[in-house]
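Chain residues, written in single-letter form:
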Amino acid sequence: MVDVQQVRKTFGETVAVESVSFTATPGGVFGLIGPNGAGKSTTIRMIMNIFRPDSGQILFDGHRITEQDKNRIGYLPEERGLYKTVTVNEMLIYLARLKGAAPADAQKRIDEWLERFKLVDWKHKKIDELSKGMSQKVQFIAAIAHDPDIVFFDEPFSGLDPVSSDLMRDTILELGQSRRTVLISTHIMEHAEKICSDIVLINRGREVVAGPLKTVKEHYGHRSVIVEFDGDRQLFDTMSDVHVIAGYPRYVELRLDEGLSPDDLLTRIAGRLSISRFEVTAPSLHRIFVEQVGREEKDHELR
Amino acid sequence: MNYAKLGTIIRQEFRMTAATKAFLAMTILGPFLIAAIAILPGLLAQRQSQPSDDTRIGIVTGSDDVFARFEVSLAGTPVTPVRFTSERDGRDAIDSGAVQGSLILPDGFEGSDSLRYVSRTGTDMQIASILQATAGHIVTSTRIAEAGLDPEHIARLTQTPAVRTVRHESGASDDTATDGFAILLTALMFVMLIYMTVLLYGQMIGRSVLTEKIVNTKEIMLSSVRPTELLFGKIIGKGAASLVQYGVWIGIAALIVTVIGPRFDISLPAGLTIINLSYLLVFFLLAFFLYATAFAAVGSGAQDEQQFGQLSMPIIVFLIVPLVLVSPIVMNPEGALVVGLSHFPLTSPIVMLLRILVDRPAWWEIGLSIALLFGAIVLAGMGAARIFSVGILRSGKAGSWKEMAAWLGRR
Numbered sequence: 001m002v003d004v005q006q007v008r009k010t011f012g013e014t015v016a017v018e019s020v021s022f023t024a025t026p027g028g029v030f031g032l033i034g035p036n037g038a039g040k041s042t043t044i045r046m047i048m049n050i051f052r053p054d055s056g057q058i059l060f061d062g063h064r065i066t067e068q069d070k071n072r073i074g075y076l077p078e079e080r081g082l083y084k085t086v087t088v089n090e091m092l093i094y095l096a097r098l099k100g101a102a103p104a105d106a107q108k109r110i111d112e113w114l115e116r117f118k119l120v121d122w123k124h125k126k127i128d129e130l131s132k133g134m135s136q137k138v139q140f141i142a143a144i145a146h147d148p149d150i151v152f153f154d155e156p157f158s159g160l161d162p163v164s165s166d167l168m169r170d171t172i173l174e175l176g177q178s179r180r181t182v183l184i185s186t187h188i189m190e191h192a193e194k195i196c197s198d199i200v201l202i203n204r205g206r207e208v209v210a211g212p213l214k215t216v217k218e219h220y221g222h223r224s225v226i227v228e229f230d231g232d233r234q235l236f237d238t239m240s241d242v243h244v245i246a247g248y249p250r251y252v253e254l255r256l257d258e259g260l261s262p263d264d265l266l267t268r269i270a271g272r273l274s275i276s277r278f279e280v281t282a283p284s285l286h287r288i289f290v291e292q293v294g295r296e297e298k299d300h301e302l303r
Numbered sequence: 001m002n003y004a005k006l007g008t009i010i011r012q013e014f015r016m017t018a019a020t021k022a023f024l025a026m027t028i029l030g031p032f033l034i035a036a037i038a039i040l041p042g043l044l045a046q047r048q049s050q051p052s053d054d055t056r057i058g059i060v061t062g063s064d065d066v067f068a069r070f071e072v073s074l075a076g077t078p079v080t081p082v083r084f085t086s087e088r089d090g091r092d093a094i095d096s097g098a099v100q101g102s103l104i105l106p107d108g109f110e111g112s113d114s115l116r117y118v119s120r121t122g123t124d125m126q127i128a129s130i131l132q133a134t135a136g137h138i139v140t141s142t143r144i145a146e147a148g149l150d151p152e153h154i155a156r157l158t159q160t161p162a163v164r165t166v167r168h169e170s171g172a173s174d175d176t177a178t179d180g181f182a183i184l185l186t187a188l189m190f191v192m193l194i195y196m197t198v199l200l201y202g203q204m205i206g207r208s209v210l211t212e213k214i215v216n217t218k219e220i221m222l223s224s225v226r227p228t229e230l231l232f233g234k235i236i237g238k239g240a241a242s243l244v245q246y247g248v249w250i251g252i253a254a255l256i257v258t259v260i261g262p263r264f265d266i267s268l269p270a271g272l273t274i275i276n277l278s279y280l281l282v283f284f285l286l287a288f289f290l291y292a293t294a295f296a297a298v299g300s301g302a303q304d305e306q307q308f309g310q311l312s313m314p315i316i317v318f319l320i321v322p323l324v325l326v327s328p329i330v331m332n333p334e335g336a337l338v339v340g341l342s343h344f345p346l347t348s349p350i351v352m353l354l355r356i357l358v359d360r361p362a363w364w365e366i367g368l369s370i371a372l373l374f375g376a377i378v379l380a381g382m383g384a385a386r387i388f389s390v391g392i393l394r395s396g397k398a399g400s401w402k403e404m405a406a407w408l409g410r411r
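Protein sequence lines correspond, in order, to chains A and B. Start counting the first sequence at 1; every next residue gets the next number (my numbering). Start counting the second sequence at 1; every next residue gets the next number (my numbering).
Okay, chain B solo, but in the shape it has when bound (with noise of 0.2 Å):
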């Protein structure tokens, strides 16, 4: 290894991918654009199933006393009720948008076991579930009147106390600890992060490969450089790249948890804390180095984009798979498959940092699960560099995954 050629190679990939707009603008909004995909979906699918506050709905009776009823249970909820006597009305309220559905009322409905609600949706579960509420509780509490007994009483003999989750932290009251949905959104917003920081920059590293031969200059640099030196000058020139891009984001975060936050008193999102911030980065490295040798491998394998995406997507897998198992990974992070992900080179990246947030590995298992990721690093780098030497040459037909093996043993 030539190591001065390894360094012009080095500054020159990294000034090709810092110095553009893409990379500023990337830098600037990066996490802006993280927290939005990580956070807004379960926000948005939050804030659409909370019904608006005046959600008009018909409540077919022919009783005044029973509309009046519905009328007390239901205020403090979202809904306001319109009385209709028949449910013809009821319907065409509907039809005509006065309403978003009708429960249909029949009389002497104290004493039936199922009631209607018609909407225009069919999908409102929870008008459903609070016209439910309302109709459970005047049908039990007029059979217990009718039955004799006060229907407070006995609503305070059966009322059930409600269970918070709280994690616990040695030291810290549980009034003040914190909240479990709150660490899983900051564990979310980590692992998107990492998902889409690797996969960025490792397609970024495949297409620059695929790039050489595509725009021919493979042979000018190979009469300059061995393949060794062209392969890791990328990876590392865009590691750095994307490692100033990590130093802006942690940067900021770690002056908003020291020093922003403290001074102006915001609450911040639990669990992004500096010793969180750097685990992150460590394997985001990790991450980053191994994936980015397997896609320069893919690269110098495929003849055009296309095959370039076709040979990625089993790499591509493996950066998904932990992606999907969030939430079971979070609600057991003991679980044998989860310890296993964890070790597993390829998904332990992501799968040991949330066990970090939200579990607490020995630290053994920490360090025997970075041990592995440099070890897989080292054979992938050895791997990838024997796959380049004869991908990158290679025109016409482009590689498959089983060529690509057979490249391994060629010298």
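Looking at chain A on its own, in the form it has when it is part of the complex (with noise of 0.2 Å):
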């Protein structure tokens, strides 16, 4: 288990953390979202010890972290990088050593998540003969090799093809289901819906939104109307009491004035278009960042 207790970290004059509290737990995926230049990279190097907090504490399972819980944590950072003369297997066991794990073990290991990941041909070649996607997996094994108890995903999915990425995904989720504490960071709100069973939004150096994924998206936001159609998309931008989240020419994604029901809307737009899809949903978790951080730079604007 990982607590982060009102951690606070600052560069000269620049507060890159303000306030950020939250407490990932084994048994799911956490999610640590938010813009960029949020204070998320900030905040992940202190939970891995790389900086220490000015002030707040970083608790693993109760104890403050030490030198020795890096054994237990592994890492996929966002900025991501290899030796590049070395080949994969010496890279890997190099990184699991560091780690404290026994050679035998960590060979052991690699090797399973090599068969996985289809890169057992890769194995006794140099790093640098290793595509972008290949090498981001390797990354991935890196970040797991020495069987930590908790892992931080950095923007896991990025530079990924979708096959490698759903991989990925899976993974991750099988990771969050063992007795592991998994966190992931990440931008791209689909891949947080998808896979986090608690978030913690941070913008500004603060959260802004915290909590099981389901309690947020009840609490923030109204629910949501999508709409898959064959016609004019224009209709919906002359309707005052509609708003459009996200519009595409044969799909939109909409929020409704307060009087008016999604079966007012159904009635009011049968008929004129074409329509293969209408679903009550809640919203997106897109649109619960775009709303939250959209209106924190609104205040930070007027303050």
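No lab work stands behind these hints, which were simulated from the structure alone. Because the structure is a prediction, the values reported are computed rather than measured. Heads up, some of the hints might be wrong.
Only pairs whose alpha carbons sit at most 27 Å apart, straight line, appear in this in silico BS3-like list of lysine-lysine [stated by the list, open to error]:
#1 A:K217 / A:K194
#2 A:K84 / A:K126
#3 B:K21 / A:K125
#4 A:K194 / A:K132
#5 A:K84 / B:K21
#6 B:K21 / A:K123
#7 B:K21 / A:K126
#8 A:K118 / A:K108
#9 A:K108 / A:K123
#10 A:K84 / A:K132
#11 A:K84 / A:K123
#12 A:K118 / A:K132
Both chains come to you apart, so use the hints to assemble them.
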């Protein structure tokens, strides 16, 4: 379990993280989300014990993080890189040993993961021969080859093709369902929505929204309506009590004003558009993100 | 400090340095290369300034007798005289390449104060000095004869002895004592060896730190180890690789000195002794650790190769200073400045080694120099660790020396 309690970090005059608190427990996937520059990386580096917080504390299973705890953590940083002149296996063994893993155990796990990610043929190739996607998978293996209790994946899906992306998602979900504490950081809400059980949204170094994803969705934002159709999309723009949150030529996500029920909307558009899908749904994380961060920004400008 | 992790980093850095073709090539070719760099320019300059054995020079004179006297006097020198009777012919021969230059001897030149030597380059000083000596000899012997004296008798009376410089060595006769010039060559080779390897390995460490930033391995590394473990792991790992290289070089040299030289009766360069080789190793290691920490600090402050180059300049200057001063140091190894530089840690490895080779500094002086280097290494290591901890995670703007100094105080 990772318990982050009101951590704060400044660099000179710049406040990178003002106050962030959350608790990530084993048995799910915890999402740390926020726009670029929100303070995610600094928060992650504090969890990784690369930076020490100015105030507040980070507890690992109830005790303050120590240097030894580093061995229990697996980390896939956003800024990825591996030594280019060494082989895949040498790099993986080296990183696992730096995490205190016994070489034989690490080798066994590395072989299993290489098999799973279809990288066996690349085991003894130099890193600089790998494609970007392969290199990303190798980094992913590096994060888990020492069998950590806690894993942190920073933007795990960036640079992956859809097949690899699905494989990665399934693996992360699997890790989450095991006894491990799994944290991911992303700014792609669709991914967070699909795999996170709990989230904390941070902006300008402070947490804005936190809690189980279900509760957050219920608490923030109104229900929205998704319509897939053939016809003139402009129709929705003419309605003053309907707001387009996400709009494409044949797909819209809409927020309705208080007085307008989904039934009313359906009556209104029936016959004018050829409707293939009409769904009343909880607001997407994307929408909550945009609304909450947007409001924060507006408040900040007014200040 | 987690020593198991430090050991893992040391092993990996050693492997990444030593298990490369470049390392193998350098280990084998290094001494040749360094000997070439240290000794060849001197040899080459000497060779080039020796005129070739058959340098044809025109002697412009109307007199058969004068030409015959030049012919006799120039025998045994590299100059072969060719006679011309007019200055025009002498100059034309230069244009056609028949001769390299022509000495113009007007009638009655024995009485004149200056003569002209016209040559293609105007810079062939060696030929000019041979001609000067020859013409001088002919002119003075003519004047002596005209004064009614015996030129040979005068020559015997004015003969000056040559002075040969030998190094005083207790227990050795001056006939077998080492030649100063030979010691200078050995000293130059040692100095070049230290300079090149310290620069090479120092920059390798700086680049290795910079690479952690450029290829973005810094975060994954720092999520596993402390910055100091990473820094010292790199320095010690690469240091061990350099030690292996020096071990091979010195091993070969020692083998030559103790076994191959005496058995096959090969005369060895003066100063190439086991004790001097040991000093070379000691001062290399001290210089390596001092400069490696400095380069590592600079590597963590830079963002790319170019900035690394700029930030390393002040460090390299301290490596170059003793190199530039080799001849003043060798000529006057007990001068106040030299003694000072031989105790100042940034210059002492090279300067003290030079002093040991050409002079005999007191044991306490050598000890003091080594102790000061140790102290400097400890301080530099602590400073570099501070700078490294801040610098390694910095991105964007490059650090300056001023900023890096400020990082020293940061926690």
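| field | Hints the structure fails to honour | value | none
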